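J.: Residue-level listing of the chains:
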Amino acid sequence: MKLECLRVIENHQLALDTYEMRLQGEVLPILSQPGQFIHLKIGQVSEFMLRRPVSIADVDREEKSITIIYKVVGHGTNWLSTRIIGDEIDGLGPLGNGFSLQQHKGESILLVGGGVGVPPLYYAAKELSKHNHVTAVLGFQTSEAIFYESEFSQIAKTWITTDDGSYGYSGLVTELIASLGSFTTYYACGPNGMLKSVQSQLSDIKGYLSLEERMGCGIGACLACVCQTRCNKGYIKICKDGPVVNADEVIL
Amino acid sequence: MKLECLRVIENHQLALDTYEMRLQGEVLPILSQPGQFIHLKIGQVSEFMLRRPVSIADVDREEKSITIIYKVVGHGTNWLSTRIIGDEIDGLGPLGNGFSLQQHKGESILLVGGGVGVPPLYYAAKELSKHNHVTAVLGFQTSEAIFYESEFSQIAKTWITTDDGSYGYSGLVTELIASLGSFTTYYACGPNGMLKSVQSQLSDIKGYLSLEERMGCGIGACLACVCQTRCNKGYIKICKDGPVVNADEVIL
Amino acid sequence: MNLSVNIAGLPLKNPIMPASGCFGFGKEFSKFYDLNELGAIMIKAATQEARLGNPTPRVAETSSGMLNAIGLQNPGVDQIIKEDLPFLDNYQTPIIANIAGRTKEEYVKVASQLDQQPVIKALELNISCPNVKEGGVQFGTDPTLAFELTNAVKAVTTKPLFVKLSPNVTNIADIALAVEQAGADGLSMINTLTGMKLDLSGKKPLLANQTGGLSGPAIKPIAIRMIYEVRQQTQLPIIGMGGVTSAEDVLEFLLAGANAVAVGTANFQDPYICQNIILQLPDTLSKYGYSSLKEVMFDSCVNPSISL
Amino acid sequence: MNLSVNIAGLPLKNPIMPASGCFGFGKEFSKFYDLNELGAIMIKAATQEARLGNPTPRVAETSSGMLNAIGLQNPGVDQIIKEDLPFLDNYQTPIIANIAGRTKEEYVKVASQLDQQPVIKALELNISCPNVKEGGVQFGTDPTLAFELTNAVKAVTTKPLFVKLSPNVTNIADIALAVEQAGADGLSMINTLTGMKLDLSGKKPLLANQTGGLSGPAIKPIAIRMIYEVRQQTQLPIIGMGGVTSAEDVLEFLLAGANAVAVGTANFQDPYICQNIILQLPDTLSKYGYSSLKEVMFDSCVNPSISL
Ligand SMILES: Cc1cc2nc3c(=O)[nH]c(=O)nc-3n(C[C@H](O)[C@H](O)[C@H](O)COP(=O)(O)OP(=O)(O)OC[C@H]3O[C@@H](n4cnc5c(N)ncnc54)[C@H](O)[C@@H]3O)c2cc1C
Ligand SMILES: Cc1cc2nc3c(=O)[nH]c(=O)nc-3n(C[C@H](O)[C@H](O)[C@H](O)COP(=O)(O)OP(=O)(O)OC[C@H]3O[C@@H](n4cnc5c(N)ncnc54)[C@H](O)[C@@H]3O)c2cc1C
Ligand SMILES: Cc1cc2nc3c(=O)[nH]c(=O)nc-3n(C[C@H](O)[C@H](O)[C@H](O)COP(=O)(O)O)c2cc1C
Ligand SMILES: Cc1cc2nc3c(=O)[nH]c(=O)nc-3n(C[C@H](O)[C@H](O)[C@H](O)COP(=O)(O)O)c2cc1C
Ligand code: FES
Ligand code: FES
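Chains as they are written, first to last, in our numbering: chain A, 1 to 252; chain B, 1001 to 1252; chain C, 2001 to 2308; chain D, 3001 to 3308.
A portion of the hints provided could be inaccurate.
Okay, derived cross-link-like pairs now, DSS-like style, lysine-lysine, Cα gap no bigger than 30 angstroms in a straight line [stated by the list, open to error]:
#	chain 1	residue 1	chain 2	residue 2
1	C	Lys2204	B	Lys1240
2	B	Lys1105	B	Lys1071
3	B	Lys1126	B	Lys1157
4	A	Lys196	C	Lys2104
5	D	Lys3287	A	Lys196
6	B	Lys1206	B	Lys1240
7	D	Lys3287	A	Lys240
8	B	Lys1233	C	Lys2154
9	A	Lys130	A	Lys233
10	C	Lys2204	C	Lys2013
11	C	Lys2294	C	Lys2159
12	B	Lys1071	C	Lys2159
13	D	Lys3027	A	Lys233
14	C	Lys2154	C	Lys2104
15	C	Lys2204	B	Lys1002
16	D	Lys3031	A	Lys64
17	A	Lys2	D	Lys3031
18	D	Lys3013	D	Lys3104
19	B	Lys1206	B	Lys1064
20	B	Lys1196	D	Lys3204
21	C	Lys2027	C	Lys2203
22	A	Lys71	C	Lys2121
23	B	Lys1196	C	Lys2109
Here are the simulated distance ranges between beta carbons [as the list claims (entries may be wrong)]:
#	chain 1	residue 1	chain 2	residue 2	range
24	B	Val1073	A	Asp87	19 to 29 angstroms
25	B	Gly1165	D	Glu3248	53 to 63 angstroms
26	A	Ser108	D	Ser3112	55 to 65 angstroms
27	B	Asp1087	D	Gly3202	51 to 61 angstroms
28	B	Gln1201	D	Phe3298	30 to 40 angstroms
29	D	Tyr3033	A	Gly74	30 to 40 angstroms
30	A	Gly165	C	Glu2295	26 to 36 angstroms
31	A	Gly171	D	Gly3202	18 to 28 angstroms
32	D	Glu3295	B	Tyr1169	43 to 53 angstroms
33	A	Gly165	D	Gln3079	50 to 60 angstroms
34	A	Ser153	D	Tyr3033	26 to 36 angstroms
35	C	Pro2086	B	Gly1165	32 to 42 angstroms
36	D	Pro3118	A	Asp87	25 to 35 angstroms
Interface residues of chain B toward chain C, partial, derived using beta-carbon atoms under 7 angstroms [what the hints assert, rightly or not]:
#	residue
37	Ser1046
38	Lys1071
39	Val1073
40	Glu1212
Please keep in mind that the hints were generated in silico from the structure rather than gathered at the bench. Here the structure is a predicted model, which means the values were calculated and not measured. Note that beta-carbon positions come from the ideal geometry of N, C-alpha and C, so glycine has one too.
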């Protein structure tokens, strides 16, 4: 966990409202694990008091860079989209618990991503595909919103779904999953509704969910980002105990 | 009076904490008269709710540009100092009543400027020097803060004073003025203390003062920037009835 | 899109109006756009006699806001009637006159004089100015005084009477209910929060008046909360204000329970702001699925049964 | 430069401390810098039993501020004593424990338990949390209840007792004087202002709790005004807070009458903020002509005779 001034070395539109940015730093990229996120400061002044959490989509240890993929939904992400090469962004990270990938060898692993839930899965897919069979099911709203199809295709059996049927499988990712046979483990990241469906659909296998919640501190101190757990274990903090959690432990 | 998006075509340090900036626009530069000011929006977001008033120091009608000279004293002027060529700044202006120069022909005119009160006098000096003898007394805190000495020298008999005696006449501008003989009219702009002294020292000749006050709207609607007048005439608004006022009409 | 709305019997072509004290008597802003585009105009506070207001500095900037302590400078109601209202008579836009005073008697006198002016379509009782020693906010923090003042003013006017509430209170709904009982036709909320900024070099308050009223986006969450709170207790029309800078802000105020929205401080940052908001409002409402202003109000987060 | 200060008998090496609820129990921030650098630490509110707090979303951003409705989530005082205080015992920094409750009895029980802990050097009575239905802010808006609660808690502790005031009141000095009379050793001010933000798409309040507490630079002018106002009526030490993000802000609070300064929301924007402010404070004080912290306080804009 480091506070570092990151340099923008790339920032371009990838798909509808969606941008890919590469950020260079000394320490933060080296430490980053799949599933973790960085907390980015927005603007130079105090107008925006809260940092924005964004998943680490990829890391290049040689270039000392991390890749993020973000969708413009409000002021903060809009500010990100207007950064140019050479600009600096204050980043806090890597934060949270990522995917525990080491434990998997020779497994058949399913990755399920929805929209901007796709980015963290890419970094995970790259690592997992070294020793496992990986299948990726990536859901987007419409064909123009699709990104990283070819990147995933190179390392995983990749299925694209669109809500409006404009590309790939027409419908929800859960419908497609049902037709894909069986897996030993799954990783999912996306809208809450999707996670909920996947959680109940795949309750018989080991699963990990990457959760989102509005955050204050991002480091576990303010209790903004809690999620209820089963068995009266109370709340966990998504920023610190997550964002990746065991699917059978949380109540969404 | 226009709201215009101005393009920064130059911005560089001129003296201690003091910057010169040229701003290009379609309409605003054409309309600007000596003594008027522009009201600049600071930042892209709403962190800074108030515009900053800055005097018009010069105009180039061919290039369609205005020159401003500003001292970095706080957040807003600091933001200005970090603008680079090509950046855009939202300017409202020209605002206020400037110097009424047309009436002067063949006069002996004294200009008295202190610190960042010097800029508006330059544009005035350029116009006045066409038909009058102009003497400029420019006061600065210290030698490093001096700017525009050679610019003034080309059009007016120019005296520099410094508070700390590090350059030119050592002491207050008022002391120097006393030794300079007589004038028919004077124009003064600078700190309130200086204006007050000049006002009483030169009460026997026609004089104009350029006043400063904290502003809200800059256009005469909010009543933030008032100044008391003599003879029970109540308040005037510096942004609209000023910033240049008859020296014998206001109580400082 | 139909943006018209009727507040307390006053038909407005759209719900946007500049807030009192931030638009003078309209003349300066008429150089930027046609004032007929506005839903209404709330003019600067009028008192019986001319007032000089407070010494300067009168304004200070704060994070996403500003402090002002103008102190009700105005030329007095007679002069306003003579000098300022005739200009406004050139427009069809309804004028809402803001009324202040030191005593109940002064409020009543000013109100009855303004009531006679055909160009004035409604009155706004300012019981919430934090920048004057006497009158103003003391009436706005005590339900009994607020009741009595509203009652007295209501007796001398046939025009819709909006009472402008102070946010500097423990329970704003108490004041709202008191003025409703006293016959107020609507509420205007919120006025500024009392604040202060120090001049670190001078080691004293930056404003000559020491304290000033905090306005701007900084206070928007407080305005929204108070309107939402008051809307749960009364059906009176509410003119909402406090930090509005965009059409989305307007929608937020409407959903919180306001029936119209005033824009104050933002006029200083952008003289075209009211015009721009009016232009953008249809698209913004469409974006969130509304096909008219009335629909928004039926969808108010609090009280779906506000009568329009 | 000597930054030490003594508040209500509690010696601090410098006047800077993180505010309650914005620093947990210190563990997370200890990864960024040595907590011994801090003047003190105000820890998260403790209640008798564990509390789950409010549903999420619990925070929302506003212009130069944020809303929070955590709702006093905490593991309960026993657990805090067992699990969290031992870690803090590794530091010399004085710990100030924030106490909340539904009833007077709960406050008293929690206070007496925390009073027993040697690591706790002072108590902060939270009578101003706007995010819980029972207790909290109701004690902070009624001088009589504030008096009784303070009095009862004072009876069970020998440690300095700071009472944390709510800004959501018509007259904050009334509450300050009531708790002073009840034996409070100091004041902590201000807690958050009740605010709200609406989710325009969802057409409902963005926070699950509907309202939340507004903090950050947006509220600084209100905090400064209230401290200035209260300082004129009492000599009690004041821990000032509300929107501090820089050493200049700290100076502003000190000049307004505060004796020490807490930093809340800014810790989220910059985890090093408290450390940075402490580092910059000497230069900032020098810049404005002070050669010690004590000098600043003798120069307070209000009351030059504050006893240090
Ligand atoms: C662990 C984690 C990882 C994420 N990874 C990505 C990613 O890789 N790509 C991506 O596009 N988005 C990601 N998000 C969502 C992203 O944080 C929000 O889209 C972003 O904060 C919106 O900021 P804004 O200023 O544009 O929107 P605004 O609505 O203006 O933001 C206002 C406030 O709400 C918060 N907020 C709004 N939406 C969300 C949200 N969905 N989750 C959390 N906070 C929110 C903002 O952080 C800010 O504090 C992630 C969220 C979390 C919690
Ligand atoms: C008519 C007029 C012409 C001016 N011309 C020049 C010029 O040519 N060059 C120059 O350097 N300065 C000029 N000033 C002063 C200039 O406006 C301030 O230095 C500037 O506003 C400071 O802004 P800031 O954000 O850096 O300072 P901050 O102190 O952070 O500003 C906070 C607020 O106070 C206001 N403020 C602070 N100082 C002044 C001041 N002296 N006068 C008015 N408002 C102030 C700011 O506008 C802002 O609203 C002029 C002022 C006026 C009224
Ligand atoms: C400079 C200034 C002057 C004001 N004068 C008045 C006034 O005369 N009467 C009044 O009722 N409110 C007055 N107000 C308050 C505004 O009408 C409005 O209620 C408040 O500023 C909140 O809205 P805003 O955040 O959009 O500015 C004034 C506000 C400002 C900033
Ligand atoms: C997320 C969050 C949690 C808070 N929790 C508490 C709390 O438990 N007890 C308390 O007295 N104040 C609490 N506060 C209020 C702060 O201690 C402080 O009084 C307030 O935020 C103003 O300071 P700031 O603007 O620097 O944040 C909390 C504030 C925030 C933002
Ligand atoms: S964001 Fe503060 S605890 Fe998770
Ligand atoms: S700044 Fe508004 S009247 Fe001059």
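J.: Please name the hints from earlier in the document that this structure breaks, with their numbers sorted from lowest to highest.
T.: 2, 4, 5, 7, 8, 9, 10, 12, 15, 18, 19, 20, 21, 22, 23, 25, 27, 32, 34, 35, 36, 38, 39, 40
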